[in-house]
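Keeping the supplied structure of chain A fixed, place chain B upon it in accordance with the hints.
Chains as they are written, first to last, in full-length UniProt numbering: chain A, 1 to 477; chain B, 1 to 477.
These aren't lab readings, by the way, just hints derived from the structure by calculation.
In this text, all values refer to a predicted model and were calculated from it rather than measured experimentally.
Positions of the beta carbon are idealized from the N, C-alpha and C atoms, including for glycine.
There may be inaccurate statements among the hints.
[Said to hold, decoys possible] Straight-line Cα separation of at most 20 Å, SDA-like style, residue types lysine to any residue; simulated pairs:
no., chain 1, residue 1, chain 2, residue 2
1, B, 191, A, 340
2, B, 25, A, 361
3, B, 6, A, 299
4, A, 25, B, 62
5, A, 25, B, 166
6, B, 6, B, 60
7, B, 336, A, 155
8, A, 191, A, 219
9, A, 25, A, 63
10, B, 191, B, 219
11, B, 25, A, 155
12, A, 2, B, 165
13, B, 191, A, 2
14, B, 41, B, 57
15, A, 336, B, 25
16, A, 25, B, 212
17, B, 25, A, 359
18, B, 41, B, 63
19, A, 25, B, 361
20, B, 25, A, 162
21, A, 2, B, 164
22, B, 6, B, 49
23, B, 6, A, 163
24, A, 25, B, 163
25, B, 25, A, 364
26, B, 336, A, 63
27, A, 336, B, 358
28, B, 25, A, 150
29, A, 25, B, 358
[Unchecked claim] Derived DEER-like restraints, expressed as beta-carbon distance ranges:
no., chain 1, residue 1, chain 2, residue 2, range
30, A, 332, B, 358, 50 to 56 Å
31, A, 332, B, 273, 42 to 48 Å
32, B, 235, A, 53, 47 to 53 Å
33, B, 332, A, 332, 33 to 39 Å
2 protein chains.
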Amino acid sequence: MKLYEKLADEIEEAVRRGVFAPGEKVASVRQASRQHGVSIKTVLHAYAILESRGILETRPQSGYFVRATPQAGAARNQPARVVATASEVDVSRLVLSTLRSIRAHDAVPFGSPYPDPGPFPWRRINQYANAIARRHSSWNLIDDLPPGNPELIRQIARRYAENGVPVDPDEIVITVGATEAINLSLQAVAKPGDTVAVESPTYYAMLHAIERLGMRAIEVPTHPADGIDIEALSQIIARGKIAACMVMPNFQNPLGFQMPDARKRQLVDVLSAHEIPVIENDVYHELYYGEARPSTLKNFDTKGLVLHCASFSKSLSASYRIGWAMPGRYRAQVEKLKFLNTLTTPSVPQVAIADYLRQDGYDRHLRRVRRLYRQQSRIMSAMVERFFPPGTRTSAPQGGYVLWVELPERVDSMRLYRAALDCGITVGPGYMFSTRNAFSHFIRLNYSYPWTAQSEAALQRLGSLVRDIEAREGERP
Amino acid sequence: MKLYEKLADEIEEAVRRGVFAPGEKVASVRQASRQHGVSIKTVLHAYAILESRGILETRPQSGYFVRATPQAGAARNQPARVVATASEVDVSRLVLSTLRSIRAHDAVPFGSPYPDPGPFPWRRINQYANAIARRHSSWNLIDDLPPGNPELIRQIARRYAENGVPVDPDEIVITVGATEAINLSLQAVAKPGDTVAVESPTYYAMLHAIERLGMRAIEVPTHPADGIDIEALSQIIARGKIAACMVMPNFQNPLGFQMPDARKRQLVDVLSAHEIPVIENDVYHELYYGEARPSTLKNFDTKGLVLHCASFSKSLSASYRIGWAMPGRYRAQVEKLKFLNTLTTPSVPQVAIADYLRQDGYDRHLRRVRRLYRQQSRIMSAMVERFFPPGTRTSAPQGGYVLWVELPERVDSMRLYRAALDCGITVGPGYMFSTRNAFSHFIRLNYSYPWTAQSEAALQRLGSLVRDIEAREGERP
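Only chain A is shown next, with the shape it has when bound in the complex (with noise of 0.2 Å):
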């Protein structure tokens, strides 16, 4: 092949992949011909064959542009294939497809495991945001090193005190979203091979973070008030050893309840006892329906074995990616690996966080959140009672905006998964909540956004979808 062809074969390659889009001006003959260290003649040359092909065209005084071609980028926009066979379900796969559709196609967004992003406080923070850039000619990577901005650690620890919670600002670790900050806790006190006690159902990303690290989880029933079952936990460490616990005592994704306190002391105390540590998840725990904050684990822990973990992305804005861990003893360790896992954490959304907190703001935004949550969790349970079958039981969150929904044992979550899918609805399977296929016939619903006509719609095809599987079941021999 002459030299000029396959550079015109490259350049419609780049094309066709959407790399320059259709009425785009593409390097000029000289520019193209230092670019690739071959002869003006030679790009000539090739432009000339796009021009033939109908991939280029020139414009008088202006230079070489992409036409507008129609193929070009559409390739782009496939809806996105959904994973199928429920006996092993990808679930990081399951997760993305359905935030994929979600976005693509619109889709009635049950299965989203975010919060509706239309109450959040965006423009306030961005205004803080632009009033940084104004302040700063320039930023130096050298002032967000880990542990992170001082004056939103300050913050943070001010209103962990400010509600009975006695925080040591220096324990605090600022990372990308408490996803990261769950990730480098588990690195910090357990290693492959290891075994970490979990809650059962409990939120996947738990199981993928201990999964991902070659550690092995073993799954502890939890009960839809109470939380973790702390006997059955007291077995299992009596059994083997147990390198660290995961739990979520508040509004736990996705049974949506509160630990008691003397709970959560029992916990910590039976833990503390074997000097196991103990991540906790606490990424709900300004979306309490109750009058007061609850407490945290970190309340109750005298030895510093407890990691806690939480964010702004569910109560401000989750495209910040602001998180934080206060990991007790194990707090070097956490802000090492922070360092070593993403160097630092972007520095002007932590310090727009800070400006919104530092103003009055916050609480009456939390405030108007929390009413709507409360509001929407009744709606969505009373929904969920008149339009789906009997033998359907309903959780009753004390926080957050998840319901966990158990339809009648026939009816396999992924079924309803794919059929609701068919109909532009998603839904969380529970097979995103387990390892084993405890929960085949639950699933969870987002109820944070607000009720419509179409969402009240969804939820009544949603009811009869559940009725069409089983009904077709019970026919089954």
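Showing chain B alone in chain A's frame:
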């Protein structure tokens, strides 16, 4: 202890720790009563005690405030402690200490691994960020899912295409800096216990990534001009299983070489023949001193075994933490790992950088920075030759912004590091670049900062310290 005494102690402790700043308003008596679950009388009693202790003060019509006590918060400004013994250097701690000295004491930043943020178009990118914030009333996390913002991905692919690297945009996964890209790539190709071949000397972040994942690094001699010794690598491969290889073919940190094309091809061929994936760290790709952007291993990859990692941190702005991976056949794994590690990369900086790249400014900015670094590399080399004793040798960087300096053999770089720090000067001791102590008499110097009378004086001082240490070592038996 009485309840009000306990509360008073808690609040005093919080003030001492800097949770509440001097002059700041504390919770009203009513708020505090609710927050701490105690009676109003108890709070009044506790506040009275704190007034008598000089911690709080009342202001008429305003409430209680923290007194402007000079001791509050002072503890947070202590100088960073330096990790000491040369025999077992904790390199992450050492790097953090160096950076903290630069920040806290305004030490001369010869030891920094990061470029001077001065010439970065930070303000300009922020203008784009502000415009984005104004355009959106909210931002949905779902729009930021891996692989990342489509427009940024397209702009990155475009720059590669313009430089003769044929890239499929669908291969690119956006990450939190190249640090995350490298970590995820490593996890995609190797598992705990595996052996990974690295250059020697190498950038310590590579060694840390390997060590942290429970893998074993095997160091391959690396030539200051040609790069990794392919013959030695072949022998290592012949001897035992290598799960992956990590290299920096362009402007390697610390050596600064650009691996010749023929050797890049040879390296890819040797590894491909054994189906060994190679992680290519190409963060300095835009900072070349030659005529054109150098090739990458990706140019010679026919089997999808090259996992290419890069970022905007060295050329545009490190604070935004935007990097990417092009993981070849490991793309699906890397995307999934990204989702598990930090969920998404913050969206506004992605879109802001994409907007910036669409304009003309980037190439102009890069041309200026390249010219600057090339000039400063010559000045730094010449000055080391002038001020340092005979027996000192320097690298000849072909890009980037660091100089590798071999000191007379008797001069231990950790001793120099400590002596220099006492004079307010930082250097990168050779211990950072190997797990063996192979480079104990080497240092790395950062020349990205403008050359001033102050830096000249600092380098002269450094030269004297080297002579002193050499002389004192010479007296030993």
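Outcome of the hint check:
Distance hint between residue 191 (chain B) and residue 340 (chain A) is fulfilled; the C-alpha atoms sit about 17 Å from each other, no more than 20 Å. Our distance criterion of 20 Å between C-alpha atoms is met by residue 25 (chain B) and residue 361 (chain A), whose separation comes to about 16 Å. Pair hint residue 6 (chain B) plus residue 299 (chain A) holds up; C-alpha atoms about 15 Å apart against a cutoff of 20 Å. Under the criterion of a C-alpha separation no larger than 20 Å, the hint pairing residue 25 (chain A) with residue 62 (chain B) is inconsistent with the structure, at around 63 Å.
Note on residue 25 (chain A) and residue 166 (chain B): the hinted pairing holds, with a Cα-Cα distance of about 18 Å set against a maximum of 20 Å. For the hint pairing residue 6 (chain B) with residue 60 (chain B), the CA-to-CA distance comes to about 26 Å; that exceeds 20 Å, so the pair is violated. Under the criterion of a C-alpha separation no larger than 20 Å, the hint pairing residue 336 (chain B) with residue 155 (chain A) is inconsistent with the structure, at around 33 Å. With a C-alpha separation of about 18 Å, the suggested pairing of residue 191 (chain A) with residue 219 (chain A) holds against the 20 Å cut-off.
Restraint check: the Cα-Cα separation between residue 25 (chain A) and residue 63 (chain A) comes to about 7 Å, which is no more than 20 Å; the hinted pair holds. With a C-alpha separation of about 18 Å, the suggested pairing of residue 191 (chain B) with residue 219 (chain B) holds against the 20 Å cut-off. Pair hint residue 25 (chain B) plus residue 155 (chain A) holds up; C-alpha atoms about 13 Å apart against a cutoff of 20 Å. A distance of roughly 19 Å separates the Cα atoms of residue 2 (chain A) and residue 165 (chain B); the hinted pair therefore holds under the 20 Å criterion.
Under the criterion of a C-alpha separation no larger than 20 Å, the hint pairing residue 191 (chain B) with residue 2 (chain A) is inconsistent with the structure, at around 44 Å. This hinted pair checks out: residue 41 (chain B) and residue 57 (chain B) have alpha carbons roughly 18 Å apart, not beyond 20 Å. At most 20 Å may separate the alpha-carbon atoms for a hinted pair to count; residue 336 (chain A) and residue 25 (chain B) exceed this at roughly 34 Å. About 45 Å separates the Cα atoms of residue 25 (chain A) and residue 212 (chain B), which puts this hinted pair outside 20 Å; it is violated.
The suggested pairing of residue 25 (chain B) with residue 359 (chain A) holds, with an alpha-carbon distance near 12 Å, which does not exceed 20 Å. As the CA atoms of residue 41 (chain B) and residue 63 (chain B) are separated by approximately 16 Å, the hinted pair is consistent with the 20 Å bound. Restraint check: the Cα-Cα separation between residue 25 (chain A) and residue 361 (chain B) comes to about 16 Å, which is no more than 20 Å; the hinted pair holds. For the suggested pair residue 25 (chain B) and residue 162 (chain A), the alpha carbons sit about 12 Å apart, so the restraint of at most 20 Å is met.
At roughly 17 Å between alpha-carbon atoms, residue 2 (chain A) and residue 164 (chain B) fall within 20 Å of each other, so this suggested pair holds. Using a Cα cut-off of 20 Å, the hinted pair residue 6 (chain B) and residue 49 (chain B) holds, with the two alpha carbons roughly 11 Å apart. For a cut-off of 20 Å, the pair hint linking residue 6 (chain B) to residue 163 (chain A) stands: about 15 Å separates their Cα positions. With a CA separation close to 16 Å, the supplied pair residue 25 (chain A) and residue 163 (chain B) stays within the 20 Å bound.
With a C-alpha separation of about 18 Å, the suggested pair residue 25 (chain B) and residue 364 (chain A) falls inside the 20 Å cut-off, and the hint holds. Restraint check for residue 336 (chain B) and residue 63 (chain A): not satisfied, since their Cα atoms lie roughly 41 Å apart, outside the 20 Å limit. The straight-line distance between the Cα atoms of residue 336 (chain A) and residue 358 (chain B) is roughly 37 Å, outside the 20 Å bound, and the hint therefore fails. The suggested pairing of residue 25 (chain B) with residue 150 (chain A) holds, with an alpha-carbon distance near 19 Å, which does not exceed 20 Å.
With a CA separation close to 11 Å, the supplied pair residue 25 (chain A) and residue 358 (chain B) stays within the 20 Å bound. With their beta carbons about 43 Å apart, residue 332 (chain A) and residue 358 (chain B) fall outside the hinted range of 50 to 56 Å. Checked against the hint of 42 to 48 Å, the pair residue 332 (chain A) and residue 273 (chain B) passes, with Cβ atoms roughly 44 Å apart. Judged by the Cβ atoms, the range 47 to 53 Å given for residue 235 (chain B) and residue 53 (chain A) holds: they are separated by roughly 49 Å.
Checking the proposed 33 to 39 Å range against residue 332 (chain B) and residue 332 (chain A) shows it holds: the Cβ atoms sit about 35 Å from each other.
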